[in-house]
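Protein chains in written order, with the working numbering: chain L, 34 to 407; chain P, 22 to 280.
The hints are all genuine.
Listed next, the in silico SDA-like pairs over lysine to any residue satisfying Cα-Cα at most 25 angstroms (straight line):
| # | chain 1 | residue 1 | chain 2 | residue 2 |
| --- | --- | --- | --- | --- |
| 1 | P | K145 | P | Y125 |
| 2 | P | K129 | L | V60 |
| 3 | L | K70 | P | K134 |
| 4 | P | K238 | P | N259 |
| 5 | L | K65 | P | R155 |
| 6 | P | K99 | L | S305 |
| 7 | P | K50 | P | E91 |
| 8 | P | K134 | L | T61 |
| 9 | P | K99 | L | L281 |
Calculated from the structure, these hints are not laboratory results.
Next come the chains, spelled out residue by residue.
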Amino acid sequence: MLETSEKIIDDAVDAWMADDVRIEETVTNYHKNTVKKITFIVLCLIVALLAAGYAMTVGDYQVGFWHTYEVVFEHLMGNVPEADETADYLIWGWRLPRICTGILAGAGLGAAGAVMQSILRNPLADPYTTGISSGAGFGATIAIALGFTVANGAYGIVTNAFIFALIPTAVIIVVSKMKGASPTTMIMAGIAVMYIFNACTTMIKLWADPDKLSAIFAWQVGSIDGATWVQVYFMAGVVIVGYFILQLMSRKLNVLSTGDESSRSIGVNANSLRIVCMLIVSLLAAGVVSFTGLIGFIGLVSPHISRLVIGSDNRFLIPASAAFGAALLTIADVVGRTVIAPAVIQVGVITAFIGGPMFLYLILKQKKEAWRCP
Amino acid sequence: MSIISLDNVVCGYGDGRTVLEDISFQIDKPEYVCIIGPNGVGKSTLIRVVDGLIKPKSGTVSVFGRSVEEYDLRDLSKIIGYVPVISSDFNVMSVLDTVLIGRYSRQKWRTSKEDIAVAVKALKAMEIEDLAERNFNELSAGQHQKVSIARGLVQEPKILMLDEPTANLDIRHQIYVSAFLRRLSDKAGMTCFTVSHDLNLAAKYATKVIVLQKPGKIYAIGDPNDVINKQMIHDVYNVDSEIVDDHGTPHVILQGVLR
Numbered sequence: 034m035l036e037t038s039e040k041i042i043d044d045a046v047d048a049w050m051a052d053d054v055r056i057e058e059t060v061t062n063y064h065k066n067t068v069k070k071i072t073f074i075v076l077c078l079i080v081a082l083l084a085a086g087y088a089m090t091v092g093d094y095q096v097g098f099w100h101t102y103e104v105v106f107e108h109l110m111g112n113v114p115e116a117d118e119t120a121d122y123l124i125w126g127w128r129l130p131r132i133c134t135g136i137l138a139g140a141g142l143g144a145a146g147a148v149m150q151s152i153l154r155n156p157l158a159d160p161y162t163t164g165i166s167s168g169a170g171f172g173a174t175i176a177i178a179l180g181f182t183v184a185n186g187a188y189g190i191v192t193n194a195f196i197f198a199l200i201p202t203a204v205i206i207v208v209s210k211m212k213g214a215s216p217t218t219m220i221m222a223g224i225a226v227m228y229i230f231n232a233c234t235t236m237i238k239l240w241a242d243p244d245k246l247s248a249i250f251a252w253q254v255g256s257i258d259g260a261t262w263v264q265v266y267f268m269a270g271v272v273i274v275g276y277f278i279l280q281l282m283s284r285k286l287n288v289l290s291t292g293d294e295s296s297r298s299i300g301v302n303a304n305s306l307r308i309v310c311m312l313i314v315s316l317l318a319a320g321v322v323s324f325t326g327l328i329g330f331i332g333l334v335s336p337h338i339s340r341l342v343i344g345s346d347n348r349f350l351i352p353a354s355a356a357f358g359a360a361l362l363t364i365a366d367v368v369g370r371t372v373i374a375p376a377v378i379q380v381g382v383i384t385a386f387i388g389g390p391m392f393l394y395l396i397l398k399q400k401k402e403a404w405r406c407p
Numbered sequence: 022m023s024i025i026s027l028d029n030v031v032c033g034y035g036d037g038r039t040v041l042e043d044i045s046f047q048i049d050k051p052e053y054v055c056i057i058g059p060n061g062v063g064k065s066t067l068i069r070v071v072d073g074l075i076k077p078k079s080g081t082v083s084v085f086g087r088s089v090e091e092y093d094l095r096d097l098s099k100i101i102g103y104v105p106v107i108s109s110d111f112n113v114m115s116v117l118d119t120v121l122i123g124r125y126s127r128q129k130w131r132t133s134k135e136d137i138a139v140a141v142k143a144l145k146a147m148e149i150e151d152l153a154e155r156n157f158n159e160l161s162a163g164q165h166q167k168v169s170i171a172r173g174l175v176q177e178p179k180i181l182m183l184d185e186p187t188a189n190l191d192i193r194h195q196i197y198v199s200a201f202l203r204r205l206s207d208k209a210g211m212t213c214f215t216v217s218h219d220l221n222l223a224a225k226y227a228t229k230v231i232v233l234q235k236p237g238k239i240y241a242i243g244d245p246n247d248v249i250n251k252q253m254i255h256d257v258y259n260v261d262s263e264i265v266d267d268h269g270t271p272h273v274i275l276q277g278v279l280r
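Go ahead and model the full structure; you've got the sequences and the hints to work with.
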């Protein structure tokens, strides 16, 4: 009996030390899973592109669905036929900036949400949980109601929202440096700042005159109306740079999911990574919401739905959440502009109307938990 | 050069409480070391200190002749692996992906066939290769523990620190994991450092036992045959016991609490 167990252990250790092991089936399955994840990302991108094409047709001036792509291509090649000049003017001057803003905002908020949930180990975390929305909201409110702006001119509200959105992050980082960057400390610090900003915003709204109150409310709901190319360029810079940095950190984020002590022993300093990611995600989210207002739900629902489909590997989850967010926001914009046309429903309302039921359906349909609460 | 060397290590937490007092010992060759002692005596703290997870208040911790604080984290992770008592994994991935996380320091951006081969070997070593495609979330506590050990193995460390690696395992797997770790240190030259409450497993499989007693001091260190005896169990645990010989190793039969 004793000899049998000796042999089992010897064989196990020999197998561990052996140079050769049969892995063909495991490698095939691993690659199949990888292809499945990439397929989901590509599908989301195709849906976003198709939704963008349809969005370019929406408006008083009729342009065919496939023709919109031709117009865009001709413009890029610098070869716009005379017959397409009006379509070119409308699409490039008015419709495309709005669509690009939607795609960038959705991608930025989706990626930011995925990373926020990972670093805070909280399935309810999104770019707003840590006070970014309330900071931005307060910045915009004092600009609209009191005329107090950090920068003058057309981008006064945007600049205010951007700067005030970063204040909660600054507070969280200072508190984390003092008390340690645990997820609980960060969330609690963010919630404390959120309540302070919300109280200040409410106080100003109570005193604001009705016209300004309506403007504040419209900003808070979130919209991509009136987007310009300058806005697109700025957002593209913030979102693309932020996204690539997060993507580069995705393997470290996987390690972080094992817990702080395990992370350190695998080679990742959890506290430093959490603070760096927090800063990048905040800049990314602030860069988006300062232009669009508070488009909720994308940062929460995109990572969740992506996680239900492809799992939690951040190397794929971050691009999947970005692609899903871009598709969802673009579709929400189309729905908001067509469902009771010519009136427009703000995109922030539609994202919740589309994302909410979709999310509920997937929760009910899913067989596996997407989260584990150790 | 010692594999591990602790010199007058004093360690505590932020509230000023001292957990380990004046700990000194050396491990000069690959061994299976088992730390035993009552609850709250600093066993887990000791392996955390060696792994650099906790900084000592004073004293030095050296690994292969170099202070543990001087190591870059990624380099240290190739030398020391750590397996916690309870898995804190938050994201839900397949068992294979969960184990592959341990390859972080040795992996490039893409997961290579070599990474998968090492992960498969680790899963086989823990007898869980059939769980590779399963969702980590669907496993039992014992299976989680074996996945955590497999993740520690794929780091291919020279030293593996395990905090109560058999705590959630059934009796067969308690024996299997203990025997595997012992044989790993004998044949593969990997030093295994475990925390355990099972004196009989420690007596049977460890090559060296470190006994900690309150308040965080070393009571004894040495061969299990020399260290595990009635007097030690009385002094450290406050428990009466009988020791019988089990094929040349001491076997503890507990009799009752003294006070």
